[in-house]
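For the record, the sequence lines run as chains A and B. Going by our numbering, the first residue of the first sequence is number 2, and it counts up by one from there. Going by our numbering, the first residue of the second sequence is number 147, and it counts up by one from there.
To be clear, the hints were calculated from the coordinates, so they are not data collected in a lab. Some hints here could point you the wrong way.
[Unchecked claim] With a straight-line Cα cutoff of 27 Å, these simulated DSS-like cross-link-like pairs (lysine-lysine) come out:
1. A:Lys58 to B:Lys241
2. B:Lys214 to A:Lys58
3. B:Lys241 to B:Lys200
[Said to hold, decoys possible] For the chain A half of the interface with chain B, some residues (derived, Cβ under 7 Å), not all of them:
4. Glu49
5. Leu89
6. Trp96
7. Gly100
8. Gly101
9. Pro108
The C-beta atom is built at its ideal place from N, Cα and C for all residues, glycine as well.
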Amino acid sequence: KAGVTQTPRYLIKTRGQQVTLSCSPISGHRSVSWYQQTPGQGLQFLFEYFSETQRNKGNFPGRFSGRQFSNSRSEMNVSTLELGDSALYLCASSWYFGGGNEQFFGPGTRLTVL
Amino acid sequence: KNEVEQSPQNLTAQEGEFITINCSYSVGISALHWLQQHPGGGIVSLFMLSSGKKKHGRLIATINIQEKHSSLHITASHPRDSAVYICAVSAYGNKLVFGAGTILRVKS
Chain A
2 KAGVTQTPRY LIKTRGQQVT LSCSPISGHR SVSWYQQTPG QGLQFLFEYF
52 SETQRNKGNF PGRFSGRQFS NSRSEMNVST LELGDSALYL CASSWYFGGG
102 NEQFFGPGTR LTVL
Chain B
147 KNEVEQSPQN LTAQEGEFIT INCSYSVGIS ALHWLQQHPG GGIVSLFMLS
197 SGKKKHGRLI ATINIQEKHS SLHITASHPR DSAVYICAVS AYGNKLVFGA
247 GTILRVKS
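Work out the full structure: start from the sequences and follow the hints.
Right, here's the structure in full:
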């Protein structure tokens, strides 16, 4: 079974631009969660999607948004990029929504904002 | 105070040593996760547990729900165990709240 895939793996943008990151979960998994990892703040939860609906949201500004498609693939979008948005963005999939589900992480997208 | 606290932050061990990493949390949880992250970023789920003890190869994870505490043990450590080990808890949905991580270096 293929693992979680994320595209692109690396991205360089400039301040003010917007970016879209993609995540394809493991086949059969219906929940996708997104996380941001920075040296200063560590790993932080962005949002979770299940059955095309956002089920849970972290404490991030509205510039961060996401969506999930009927095939469970998910995208996240960051608008009006700031230098502080430079980070590793990870997605994780699990088969269902609800606590107590093992999560499988993708390799991440490393975003650099200049 | 962070919801998930890990100790130690850094750990250097000699090959073959027994290693323990501790995790304390302050919220009600549905499960606790131990994750491993190698340089380059990829995260691997090692254990997910809500009670008792689990073992996989040389790795053992325990949790005490009453004391809100978990430990990850590595027996007969090896240089390939060098990585960042992260404790995380899930309380609602699949949202994970993470500890700061423990940087482990095993010297040969």
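Do the hints match the structure? See the list:
1. For the hint pairing Lys58 (chain A) with Lys241 (chain B), the CA-to-CA distance comes to about 8 Å; that is within 27 Å, so the pair holds.
2. In summary, the hint linking Lys214 (chain B) to Lys58 (chain A) is supported, as the alpha carbons are separated by about 25 Å, within the 27 Å threshold.
3. At most 27 Å may separate the alpha-carbon atoms for a hinted pair to count; Lys241 (chain B) and Lys200 (chain B) meet this at roughly 22 Å.
4. With a cut of 7 Å, the hint placing Glu49 (chain A) at the interface with chain B holds, because the nearest CB-to-CB distance is about 5 Å.
5. A distance limit of 7 Å between C-beta atoms decides the matter here; for Leu89 (chain A) the minimum to chain B is near 5 Å, and the interface restraint holds.
6. A least Cβ separation of about 10 Å between Trp96 (chain A) and chain B goes past the 7 Å threshold, and the interface hint is therefore violated.
7. Because the smallest distance between the Cβ of Gly100 (chain A) and any Cβ of chain B comes to about 3 Å, under 7 Å, the interface hint for this residue holds.
8. Taking 7 Å as the C-beta cut-off, the interface hint given for Gly101 (chain A) holds, the closest approach to chain B being about 4 Å.
9. The interface hint given for Pro108 (chain A) is met, as the beta carbon of that residue sits about 5 Å from the closest beta carbon of chain B, less than 7 Å.
The structure is inconsistent with hint 6 alone, although it conforms to all the rest.
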